[in-house]
Amino acid sequence: MLRLLLIYIKLLSIQIRSQMQYRVSFLLEVISTALLNGMYFASLALVLERFGQIAGWKLGEIAFLAGMAETSFATMDMLFSGFDPDGFSPMVRLGRFDQILLRPINITLQVFGSRFIIRRLGRILEGVTILVISFALTDIQWTIGKMLYLPVVFISQVIAMGSLFVVGGTLIFWTVQPIEAVNIVTYGGTELMTYPMNIYPGWIQRFFTYVIPFVFMNFYPALYFLNKPDPLNFPSFAPFLSPFAALSMLLLAMVFWRFGINHYQSTGS
Amino acid sequence: MSNIIRVANLVKIFRVSNRQPGWFGLVRNLISAEYREVRAVDGINFNLERGELVGYLGPNGAGKSTTLKILTGLLVPTSGEVQVDGYIPWKNRSAYVSRVGAVFGQRTTLWWDLPVIDSFDLLQPMYRIPPQRFRQNLKEFTEILELGPFLNTPVRSLSLGQRMRADLVAALMHDPPLLFLDEPTIGLDVVAKERIRQFIQYIHQKQSTTIILTTHDLSDVEKLCERVIILDLGKVLYDGSLSQLTARFEGNRTMVVTFAEDYRDINLPGVPLPQRQGERVVYTFDPRQISSSELVEQLLGRYRVADLELHRPEIGETIRRIYEEKLLHLK
Numbered sequence: 014m015l016r017l018l019l020i021y022i023k024l025l026s027i028q029i030r031s032q033m034q035y036r037v038s039f040l041l042e043v044i045s046t047a048l049l050n051g052m053y054f055a056s057l058a059l060v061l062e063r064f065g066q067i068a069g070w071k072l073g074e075i076a077f078l079a080g081m082a083e084t085s086f087a088t089m090d091m092l093f094s095g096f097d098p099d100g101f102s103p104m105v106r107l108g109r110f111d112q113i114l115l116r117p118i119n120i121t122l123q124v125f126g127s128r129f130i131i132r133r134l135g136r137i138l139e140g141v142t143i144l145v146i147s148f149a150l151t152d153i154q155w156t157i158g159k160m161l162y163l164p165v166v167f168i169s170q171v172i173a174m175g176s177l178f179v180v181g182g183t184l185i186f187w188t189v190q191p192i193e194a195v196n197i198v199t200y201g202g203t204e205l206m207t208y209p210m211n212i213y214p215g216w217i218q219r220f221f222t223y224v225i226p227f228v229f230m231n232f233y234p235a236l237y238f239l240n241k242p243d244p245l246n247f248p249s250f251a252p253f254l255s256p257f258a259a260l261s262m263l264l265l266a267m268v269f270w271r272f273g274i275n276h277y278q279s280t281g282s
Numbered sequence: 085m086s087n088i089i090r091v092a093n094l095v096k097i098f099r100v101s102n103r104q105p106g107w108f109g110l111v112r113n114l115i116s117a118e119y120r121e122v123r124a125v126d127g128i129n130f131n132l133e134r135g136e137l138v139g140y141l142g143p144n145g146a147g148k149s150t151t152l153k154i155l156t157g158l159l160v161p162t163s164g165e166v167q168v169d170g171y172i173p174w175k176n177r178s179a180y181v182s183r184v185g186a187v188f189g190q191r192t193t194l195w196w197d198l199p200v201i202d203s204f205d206l207l208q209p210m211y212r213i214p215p216q217r218f219r220q221n222l223k224e225f226t227e228i229l230e231l232g233p234f235l236n237t238p239v240r241s242l243s244l245g246q247r248m249r250a251d252l253v254a255a256l257m258h259d260p261p262l263l264f265l266d267e268p269t270i271g272l273d274v275v276a277k278e279r280i281r282q283f284i285q286y287i288h289q290k291q292s293t294t295i296i297l298t299t300h301d302l303s304d305v306e307k308l309c310e311r312v313i314i315l316d317l318g319k320v321l322y323d324g325s326l327s328q329l330t331a332r333f334e335g336n337r338t339m340v341v342t343f344a345e346d347y348r349d350i351n352l353p354g355v356p357l358p359q360r361q362g363e364r365v366v367y368t369f370d371p372r373q374i375s376s377s378e379l380v381e382q383l384l385g386r387y388r389v390a391d392l393e394l395h396r397p398e399i400g401e402t403i404r405r406i407y408e409e410k411l412l413h414l415k
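Listed in order, the protein sequences are those of chains A and B.
For the first sequence, our numbering begins at 14 and goes up steadily by one.
For the second sequence, our numbering begins at 85 and goes up steadily by one.
Simulated from the structure, these hints should not be mistaken for lab results.
Certain hints may be false.
Taking lysine to aspartate or glutamate and the EDC-like style, the derived pairs with C-alpha atoms no more than 20 Å apart in a straight line are [as the list claims (entries may be wrong)]:
no., chain 1, residue 1, chain 2, residue 2
1, A, K23, B, D197
2, B, K319, B, E409
3, B, K175, A, E204
Let the hints inform the model, and build the full structure from the sequences given.
Structure representation (structure tokens):
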């Protein structure tokens with residue numbers, strides 16, 4: 014176990030080293046990603062300034078949703094990018110996945126370590142900034158419970174979004190080319206989390222509740238942190254479902270992943 | 085006899101979809117998928133003893149790479165039995181692959197963006213190579229294959245020959261008792277090929293590694309392998325020594341003679357009519373009817389000879405005849 018961790022760290026550190034080779038370009042990229050995504054939120058903030066609120070959510074409250082989703086997504090994108098269908102597709106096509114099968118190390122760990130994009134730090138930075146702004150604009154009644162639950166929500170979001178990357182990556186074993194539909198769910202779902210769920214039509218709400226339980230990842234926890242009433246009338250424990258929903262998603266994704274590997278070994282596509 | 089590899093009744097059938105190109109084909113394929121079965125490997129049997137070096141030959145699509153992929157655990161066969169070094173390759177994958185080295189000529193097993201040395205460094209914890217052994221192998225292999233000048237170059241910027249040498253070293257760093265080489269000399273120039281052959285020979289002799297080698301270049305086989313397995317259409321056509329194969333199927337040899345004097349009658353009994361090519365006379369003969377030494381004796385007994393040259397057909401020529409003229413018929 015410790016050995017696996019060491020190998021994972023070694024895989025990451027080597028990539029960090031090679032990505033840091035051009036330090037100036039690296040820094041510029043980090044800053045420009047941060048600014049670019051930050052501008053996006055800034056324009057939203059300007060609109061909100063004009064209209065005051067969306068469905069009863071004020072700027073600071075939306076900033077909480079956006080900050081959480083941005084930070085989690087960027088972190089996920091950094092950690093799970095080995096499974097990112099857009100990167101995993103060439104890996105399978107060019108036979109680099111065979112290289113992984115030939116190594117005496119857990120396959121999943123190797124895929125995790127196969128790609129690590131540190132310029133995502135820019136977007137993490139941006140997300141955290143928005144989150145800090147939201148703390149300043151809202152008066153969250155911080156309790157010990159809330160303080161402990163915030164990191165749990167963050168990790169759950171990372172896991173839930175990462176599970177979608179794993180599913181998308183697994184589909185590559187059949188399709189070889191990445192499928193746009195999966196990206197729509199992953200990126201679109203994250204985008205959706207940036208706003209209060211009750212602004213969406215019913216079928217979208219139902220999809221992101223029962224098919225992909227994203228509603229429990231950001232929206233419900235936000236209700237708890239911000240002490241807002243539930244417009245969708247779920248049971249009162251709904252804000253605390255996020256770790257359970259995330260772990261179930263990961264479990265299913267991993268079962269599918271194993272199934273995909275077995276398929277690959279019988280077809281060798 | 086200790087067989088390190090046992091392959092029995094190995095079959096691999098691929099289902100290839102007959103999809104029409106474009107969107108229409110995609111939709112049609114969803115409704116009624118049509119598949120065609122391709123028997124890439126069709127009942128192969130062979131055993132290898134520890135320390136053998138075998139050439140695995142056949143034209144494109146004969147099933148060479150599929151067999152190798154099954155032997156390395158990358159593919160699960162449709163049916164049949166495979167035991168390698170006590171393992172079933174596709175089961176217990178991670179324990180098995182640490183006993184195996186593999187080079188797939190077309191594809192690198194190194195990390196594309198990393199300097200060569202970083203790739204090697206990663207292998208050490210992955211295969212749990214004792215640090216001292218690792219350093220020793222690195223030093224030795226680097227010297228023999230002259231990797232020194234490009235150890236710090238990223239794999240993506242290496243030439244094909246450099247990359248292949250680096251791949252070979254990577255495959256052998258953990259002293260595997262088994263080595264699978266799929267076209268290790270493909271696309272290389274003569275010098276690079278020779279260097280790789282010498283290294284393979286060195287490893288085989290020094291560590292008595294069991295090696296299976298597929299190649300299109302028959303001079304690889306001629307220089308390295310005593311035993312060859314020849315495949316066609318997923319079946320084994322021939323399994324035996326290379327010298328017996330050539331003895332059985334070698335085409336006609338030629339003897340080129342330059343006489344010291346001008347002879348009018350240059351016919352020899354039992355030998356087809358020779359051809360004059362300027363100063364030289366070319367005798368074409370079947371080695372199964374008259375041996376080279378008999379021919380030389382006759383020539384020297386009758387004439388004053390200034391020069392003699394014996395040409396055997398190249399091994400590639402022999403193997404080509406086996407395929408084209410179907411000399412080894414499938415039962």
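Hint check:
For the given pair, A/K23 sits about 15 Å from B/D197 by alpha-carbon distance, which is consistent with the 20 Å threshold. Using a Cα cut-off of 20 Å, the hinted pair B/K319 and B/E409 holds, with the two alpha carbons roughly 17 Å apart. About 42 Å separates the Cα atoms of B/K175 and A/E204, which puts this hinted pair outside 20 Å; it is violated.
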